[in-house]
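Asker: Input sequences plus hints: build the corresponding full structure.
Read top to bottom, the protein sequences are chains A and B.
So in my numbering, spot 7 of the first sequence is number 7, and the numbers just go up one at a time.
So in my numbering, spot 48 of the second sequence is number 48, and the numbers just go up one at a time.
It should be emphasised that the hints constitute simulated quantities derived from the structure, not laboratory data.
Wrong hints could be hidden among the right ones.
As the list claims (entries may be wrong) - Straight-line C-alpha distance at most 30 Å; calculated DSS-like pairs for lysine-lysine:
no., chain 1, residue 1, chain 2, residue 2
1, A, K170, A, K203
2, A, K170, A, K13
3, B, K26, A, K190
4, A, K211, A, K200
5, A, K203, A, K183
6, A, K13, A, K203
7, B, K26, A, K145
8, A, K203, B, K26
9, A, K211, B, K18
10, A, K200, A, K189
11, A, K218, A, K145
12, A, K145, A, K203
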Amino acid sequence: MRFSIDGLDGATKTAFENDLFAIADTKFVLGNWYAHSIMNGRSLPDFAALTAMTGAAYGHTRSLWQYLVNFGHAYSSIERGRGADDIRSMNMLDSPPTSWPDFIAATWLAEQATWLAVSGYLTCPDRALAGLAEKIGEEAYFHLKYAEGWMEILSGSAADTRAFAAALEKRYPLALSWFGTAKGSDVLKKAGLRDIPPAKLKKAFVAEIAKGAAWTGKAVSLPDATPEIPGWIGANRRAGPLPDRLFEAIRFRDPEAAH
Amino acid sequence: MKRKKIQRKREIGGASPKFYEVFARKTSDDPLTHVGSIEAPNDALAEVRAWYIHDEHDWRELCVVPTAAIIAVTERGRNVKIKEV
Numbered sequence: 001m002r003f004s005i006d007g008l009d010g011a012t013k014t015a016f017e018n019d020l021f022a023i024a025d026t027k028f029v030l031g032n033w034y035a036h037s038i039m040n041g042r043s044l045p046d047f048a049a050l051t052a053m054t055g056a057a058y059g060h061t062r063s064l065w066q067y068l069v070n071f072g073h074a075y076s077s078i079e080r081g082r083g084a085d086d087i088r089s090m091n092m093l094d095s096p097p098t099s100w101p102d103f104i105a106a107t108w109l110a111e112q113a114t115w116l117a118v119s120g121y122l123t124c125p126d127r128a129l130a131g132l133a134e135k136i137g138e139e140a141y142f143h144l145k146y147a148e149g150w151m152e153i154l155s156g157s158a159a160d161t162r163a164f165a166a167a168l169e170k171r172y173p174l175a176l177s178w179f180g181t182a183k184g185s186d187v188l189k190k191a192g193l194r195d196i197p198p199a200k201l202k203k204a205f206v207a208e209i210a211k212g213a214a215w216t217g218k219a220v221s222l223p224d225a226t227p228e229i230p231g232w233i234g235a236n237r238r239a240g241p242l243p244d245r246l247f248e249a250i251r252f253r254d255p256e257a258a259h
Numbered sequence: 001m002k003r004k005k006i007q008r009k010r011e012i013g014g015a016s017p018k019f020y021e022v023f024a025r026k027t028s029d030d031p032l033t034h035v036g037s038i039e040a041p042n043d044a045l046a047e048v049r050a051w052y053i054h055d056e057h058d059w060r061e062l063c064v065v066p067t068a069a070i071i072a073v074t075e076r077g078r079n080v081k082i083k084e085v
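Answerer: Below, the structure written as structure tokens:
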């Protein structure tokens with residue numbers, strides 16, 4: 001039987017839509033992080049990698065936004081019609097990077113979190129979304145590899161190791177919160193839309209970050225409990241609106257030039 | 001973000017950058033062919049840079065080899081097509 005979003009019950013449809021918005025908008029802000037950091041690349045090949053990752057992150061964002069049109073939204077309103085209150089990106093990306101180790105830590109956390117969330121849809125009955133998840137996974141591999149390569153370089157300096165560990169300690173709790181506090185199964189798994197519930201995705205995230213940050217030794221201490229964030233809005237998977245400066249940096253400016 | 005400060009030796013490779021040779025084939029019938037060289041401080045970034053810089057085709061196979069691992073047989077010390085280490 002052909003998959004149809006209209007065949008989902010109201011609660012499932014809303015949870016599905018919320019999850020996809022959280023992933024797409026996080027990738028949107030992440031893409032802007034890459035775009036704004038291109039000139040901080042260390043060499044010409046580094047600029048090329050950051051430019052390509054910018055393009056890939058925007059590509060993932062726009063593909064997911066395009067998919068969200070199926071929920072009754074006009075694409076133009078998703079891309080251009082939303083204010084700082086409506087963007088549902090991860091709080092972890094609200095504050096700009098303060099150093100290169102901080103940039104690597106933050107983008108690594110965001111890439112890892114979004115990829116794990118997307119991986120839940122690899123077996124989605126809607127083959128369009130499953131195919132999109134597969135494509136995002138192929139590209140996320142290189143984004144994560146980029147972070148891995150840079151962590152290897154940072155590990156060669158005690159000062160960079162400390163700076164990376166400090167950035168991770170500051171940003172990790174906010175990335176962990178993005179997965180929510182639900183335990184056990186969820187409506188999307190019950191409906192067969194994804195095969196992994198958020199609690200398991202969060203567990204996988206914790207394990208991946210602990211493994212990936214092991215090189216920092218005792219320099220980093222990551223909390224195992226999900227912190228409570230004041231003003232948390234469950235549907236948006238974030239607290240509060242986007243900070244003004246961030247919204248100004250990412251907002252859509254020139255529709256005529258876009259298409 | 002603070003002013004950009006590059007540790008040339010660690011982040012770029014200093015005066016002796018590390019090179020990798022990039023090989024690729026478009027289909028499984030094609031021979032693996034040398035398509036270029038890239039510079040990278042380590043294997044992980046070499047993989048990433050090869051993927052992004054040599055994206056002119058949808059390769060069936062793409063791989064990198066540290067130039068230091070290549071032993072020249074006929075072109076020892078002269079006119080080599082790959083960068084000398």
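Asker: Next step is simple, just say for each hint if it's right about the structure.
Answerer: Results for each hint:
1. For the hint pairing K170 (chain A) with K203 (chain A), the CA-to-CA distance comes to about 19 Å; that is within 30 Å, so the pair holds.
2. Among the hinted pairs, K170 (chain A) with K13 (chain A) is inconsistent with the structure: their alpha-carbon atoms are about 34 Å apart, more than 30 Å.
3. Of the pairs offered as hints, the one joining K26 (chain B) and K190 (chain A) is violated, with about 42 Å between alpha carbons and a cut-off of 30 Å exceeded.
4. Annotation: proposed proximity of K211 (chain A) to K200 (chain A) holds, straight-line Cα distance about 16 Å (limit 30 Å).
5. The suggested pairing of K203 (chain A) with K183 (chain A) holds, with an alpha-carbon distance near 11 Å, which does not exceed 30 Å.
6. With a C-alpha separation of about 25 Å, the suggested pair K13 (chain A) and K203 (chain A) falls inside the 30 Å cut-off, and the hint holds.
7. Proposed proximity of K26 (chain B) and K145 (chain A) is supported: the alpha carbons are some 23 Å apart, at most 30 Å.
8. For a cut-off of 30 Å, the pair hint linking K203 (chain A) to K26 (chain B) is broken: about 39 Å separates their Cα positions.
9. Under the criterion of a C-alpha separation no larger than 30 Å, the hint pairing K211 (chain A) with K18 (chain B) is consistent with the structure, at around 27 Å.
10. At roughly 11 Å between alpha-carbon atoms, K200 (chain A) and K189 (chain A) fall within 30 Å of each other, so this suggested pair holds.
11. A hinted pair counts as satisfied when its Cα atoms are at most 30 Å apart, and K218 (chain A) with K145 (chain A) qualifies at roughly 23 Å.
12. A C-alpha spacing of about 21 Å is found between K145 (chain A) and K203 (chain A), which places the hinted pair at or below 30 Å, so the restraint holds.
When held up to the earlier numbered hints, the structure conflicts with 2, 3, 8 and fits the remainder.
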